[in-house]
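Chain order of the listed sequences is A and B.
Letter 100 of the first sequence, counting from 1, is numbered 100 in my numbering, and no numbers are missing.
Letter 143 of the second sequence, counting from 1, is numbered 143 in my numbering, and no numbers are missing.
Worth flagging that the hints you see were computed from the coordinates, not collected in a lab.
Bear in mind the structure is a predicted one, so any value in this text is a computation, not a measurement.
It is possible that some hints are incorrect.
List of simulated lysine to aspartate or glutamate pairs, EDC-like, C-alpha gap at most 20 Å [stated by the list, open to error]:
(1) K122/A <-> D149/A
(2) K10/A <-> D52/B
(3) K122/A <-> D142/A
(4) K10/A <-> E102/B
(5) K81/B <-> D137/B
(6) K50/A <-> D52/B
(7) K50/A <-> E2/B
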Amino acid sequence: MGDDLEKLPKPPEPPSIQRRFRMYAFQWVLVPIIFLLPVVLALGGVLDEKRAMLSGEAAGFGVEVEYQARFRFQQLREIRIVVESRSLSELDTMTISIDSVYAARFSEVRGIPDLERPYSLKLSGFRPGEEALAIIEIQAEDYGVHTGDLVLVAGDTVRLQVRTLVLP
Amino acid sequence: METVMRVLFVYVFLVIALRVLGKREFGELAPFDLVVLMLIPEFFQQAVAGEDFSMTNAVVASSTLLTIVLLTSILAYRSQKVSELVAGSPTVLASAGRLVTEQLHRSRVTPDEIYSAIHMSGLEDLSQTRFVILDNDGKIAVVPRLPAHVRRTDT
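With these hints in hand, go ahead and build the complete structure from the sequences.
Okay, structure coming up:
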């Protein structure tokens, strides 16, 4: 009953035409916007997470802050604050606080060491030349650009402005 | 960037995997096929989205997928070779009333299924067919043998 295809008649091939790429007018408008734009933006890194650095100096200490300049909804990321004592004597206490207007835009704000009161934590007792690390964790919630000051006080004050874009 | 790469990888992997599986699997969904089609997204959901549940990620992922699908369809339309590579080409399962057994084996189509398609076309027997063809979408097309008086008119 069975047989090789080579020896049997084959169905006719469909006619061939010159195949060209064509789209409707609305497709020319919408395809780049809906299909290509998000891909191009993503490939360009515009929609990716981005970290940024800030640094400041005051009498007796220097500070470097690495924070989230851009991230996405519900992602949990750190603001890392490295403080270096440049004082000749021991720094008793340093208070690090973050703008409540800024912090309130995030669903979760936690500190290491723990926040003592809303959006403020303390570092204490570090000797000359010593470094200390404080971390503030934030979880993205409200979309848009959020700006606020990070303020470090240990006698003198350093004020650094952080600016974070939360993508939906 | 990472999302685009993940979607691209998953798309290429699935196209190759489904292409290797063969077009027979697409025609009708047997319980086994249904389970496979339900499980595959479960496996890949995490791989594509990761821990990122943002709308941005969803838009980038779906735009990437749609762009790949659009580009594939444009390339497949423009090039016969790409079309055959991606979608395959029809397979002749029976010709001039005779089964092509080698193709039945490769496509995993049983004579019962061929006869079922023949009956659904209103024919009784294989001898009444000119061709039985497994199309790219997995469906079996039956081309009946023309009645003698029609054949005479044609020639």
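Can you confirm whether the C-alpha distance between K122/A and D149/A stays at or below 20 Å? holds, 16 Å
Just to be careful, I want the Cα atoms of K10/A and E102/B compared with a cutoff of 20 Å; is the pair within it? holds, 15 Å
Sort out whether D137/B lies within 20 Å of K81/B, counting only the CA atoms. Holds. K81/B to D137/B sits at ~18 Å (cutoff 20 Å).
Within a Cα-Cα threshold of 20 Å, do K50/A and D52/B meet the stated pairing? holds, 15 Å
With a cut-off of 20 Å on the C-alpha distance, tell me whether K122/A and D142/A pass. Answer violated: K122/A to D142/A is near 27 Å, above 20 Å.
Given the hinted pair K50/A and E2/B, is their Cα-Cα distance within 20 Å? holds, 13 Å
Has the given pair, K10/A with D52/B, been kept, meaning a C-alpha gap of at most 20 Å? Roughly 53 Å between the alpha carbons, so the hint for K10/A and D52/B is violated.
When held up to the earlier numbered hints, the structure conflicts with 2, 3 and fits the remainder.
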